[in-house]
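Number of protein chains: 2
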Amino acid sequence: MSSNKIYMTQALKKAWQYQLRTYPNPAVGALILYNNEIVALEAHQKAGTSHAEVLAFISAYETLSAGEIDFDRFDAHKAHEFLYALPKEFFSECIIYVTLEPCSHEGKTPSCASLLAELKPKKVVVATLDPIEGHDGGLKRLEEQGIELEVGVCEKEALELLEPFLIWQKRAFVLFKIAQTSNGKIGGGYLTCKESLTHVHQLRSVCSKMMIGGNTVRVDRPTLDCRFTGDNAPDIIIYSKEDNFDRDISLFSVNNREVKITNVLKIFDKPSFIFIEGGEGMINALKDKIDWFLQYQAPKLSSHTSSYSIDLNLEFLFQDKRGVDLLLWSKIDKE
Amino acid sequence: MSSNKIYMTQALKKAWQYQLRTYPNPAVGALILYNNEIVALEAHQKAGTSHAEVLAFISAYETLSAGEIDFDRFDAHKAHEFLYALPKEFFSECIIYVTLEPCSHEGKTPSCASLLAELKPKKVVVATLDPIEGHDGGLKRLEEQGIELEVGVCEKEALELLEPFLIWQKRAFVLFKIAQTSNGKIGGGYLTCKESLTHVHQLRSVCSKMMIGGNTVRVDRPTLDCRFTGDNAPDIIIYSKEDNFDRDISLFSVNNREVKITNVLKIFDKPSFIFIEGGEGMINALKDKIDWFLQYQAPKLSSHTSSYSIDLNLEFLFQDKRGVDLLLWSKIDKE
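As given, the protein sequences belong to chains U and S, one line each in that order. Sequence positions in the first sequence follow the numbering used here and run 1 to 335. Sequence positions in the second sequence follow the numbering used here and run 1 to 335.
The following block holds chain U by itself, in its conformation from the complex:
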């Protein structure tokens, strides 16, 4: 593996930590090298806040100046303003690796391509071009500034990272969550570690809608809020033919939440991020709609009798640790 690929792989790994949490933005990672030392490794964390490149330059500034900034680095306007005001040439010996072409358009945040054109790093290495029409053109702007460019390093992996983003341009991206022991046993209270539970709440806080099965509501009586992160609870769709639920359970009493009960699936046609938690019945009912699975595997074997009983071929996409647990991202193999 070349050094280029190794650095890009680090940026990709960092981006996967925020996969889906940037909805409706893509997950993007960035790494900065100075004098062959890594001086920054960052990822875009949340839509409306600073992009990966901006966080990376701020972090590189801190490393290289051995100082700390005194403003909110996630405030993109402040961060851009700060970087624009640095002495020219500050980053002229830096190489930046970005998993996606820097954005050329001004949205909620200023354009990263304009920023990079001004900061003029020695070289910009990009895994893949921006696939959205009208969002491309970032690299052209850098080229005009005479910045050395390299495109296509780890492109396949970068496109896998981008898949949810590409899907939710056209229709709902659908993620199904499974929490289990390492030998596939489910149920019996919290299985996974605090870091995994926090991650679930982070996903709940950004999804368009959460969907659960009627049986889960009846049996588990869940609240489905985001208390581990302090965020607003997601709107809920209970996938059920019948509306016979006990309205006294906490699910229905969360503030500012909409709960809808339906078995009509046209919601999946709308560009959005649908997050499903449920049992095998839900997988069976929705397997044509599910794009990806996210398995949290707790480090234990269990004699518990419950497990998902369903036949489905998957393709493993990315695996990582979260606290002591294993996080395993996969997609349904539709071939």
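Since the hints were made in silico from the structure, they are not lab data. All figures in this text were calculated on a predicted structure; none of them were measured in a lab. Worth double-checking, as some hints may not be accurate.
Now the stretches of chain U that chain S is said to cover, found in silico as 3 or more residues with beta-carbon under 8 Å [claimed, not checked]:
no. : region
1   : 2–13
2   : 324–335
Taking CB as the label site, the calculated pair distances span [as the list claims (entries may be wrong)]:
no. : chain 1 : residue 1 : chain 2 : residue 2 : range
3   : U       : 190       : S       : 188       : 28 to 34 Å
4   : U       : 66        : S       : 169       : 43 to 49 Å
5   : S       : 1         : U       : 170       : 50 to 56 Å
Don't be surprised by glycine CBs; every beta carbon is placed ideally from N, CA and C.
Following the hints, put chain S in place on chain U, whose structure we already have.
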């Protein structure tokens, strides 16, 4: 993460690909940088053959000279001889990362420390010192040559990699294999991919003894050979109180194999590598003896009813892909 750690992590990952396959040697990985480009990434593959550092220098030679060697690189004597004959200074701009202190003693293969002292790379970065008394001293020899040294990069991870090696100095290291779907279902013919099956046979070919349960012999009637790698089949211990096995099954007819039937466990006291394949009964019977688990997870959910039914806390050590499968190394959490 610093560049040093990233390079060492690559060397560790490479070494994990050969974890246990180097028995009775430790798993070791090495990476060589030239002009900040990776020119070699290698691991020790099999006891009695060239060590990681030697394979890395050979591979770096090929990269830097854009040529190919014309002898067996795994023949340590030939490889050392070749490297000694290269022009002095050939590697003088190289930095080598090794997960373990280069060996100072002459065993089946010549000393790597002597070789490095002669090749004089610019810098040697080592994750951890050789923990075996009498095997240390490698670094001292390099220091005497004025080679720049750095020790302790990713030391915790390097010690995890070394754990089996440290255990089999004193007693048996015991690995239990589990092949399952991603949701923990077992049985029903081959579950895992060809690359995983080959890996199992690679482990069988180097273990001191394979151990299986009496029930597995009676029900599955396995052969337990190494036909995917062409190696000799391992000796078998059938863990059983009774000797009532059908001697016509292929297990008993493999050439040059010893099959022993016993329920006496003193074999575990002897420095060795015991590889267990079996059902939950075997885990239950031997859980005080098992050190590590190796799970092969096939990328599928299955409705099969069989799964391991046992309660055991684990600690995940390392996860990797093997073909389309996930390989998950863990140890029993004995706290």
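Here is how each hint holds up against the structure:
Counting residues of the region 2–13 of chain U whose CB lies closer than 8 Å to any CB of chain S gives 5, so the stated coverage by that chain holds, three being the minimum. Judged by the Cβ-Cβ criterion of 8 Å, the region 324–335 of chain U is covered by chain S as claimed, because 6 of its residues qualify and three suffice. For residue 190 of chain U and residue 188 of chain S, the hinted distance range of 28 to 34 Å is satisfied, since their beta carbons lie about 31 Å from each other. For residue 66 of chain U paired with residue 169 of chain S, a C-beta distance near 45 Å keeps the hint of 43 to 49 Å intact.
Our hint of 50 to 56 Å for residue 1 of chain S and residue 170 of chain U is violated, since their Cβ atoms are close to 36 Å apart.
Consistency note: the structure conflicts with earlier hint 5 alone.
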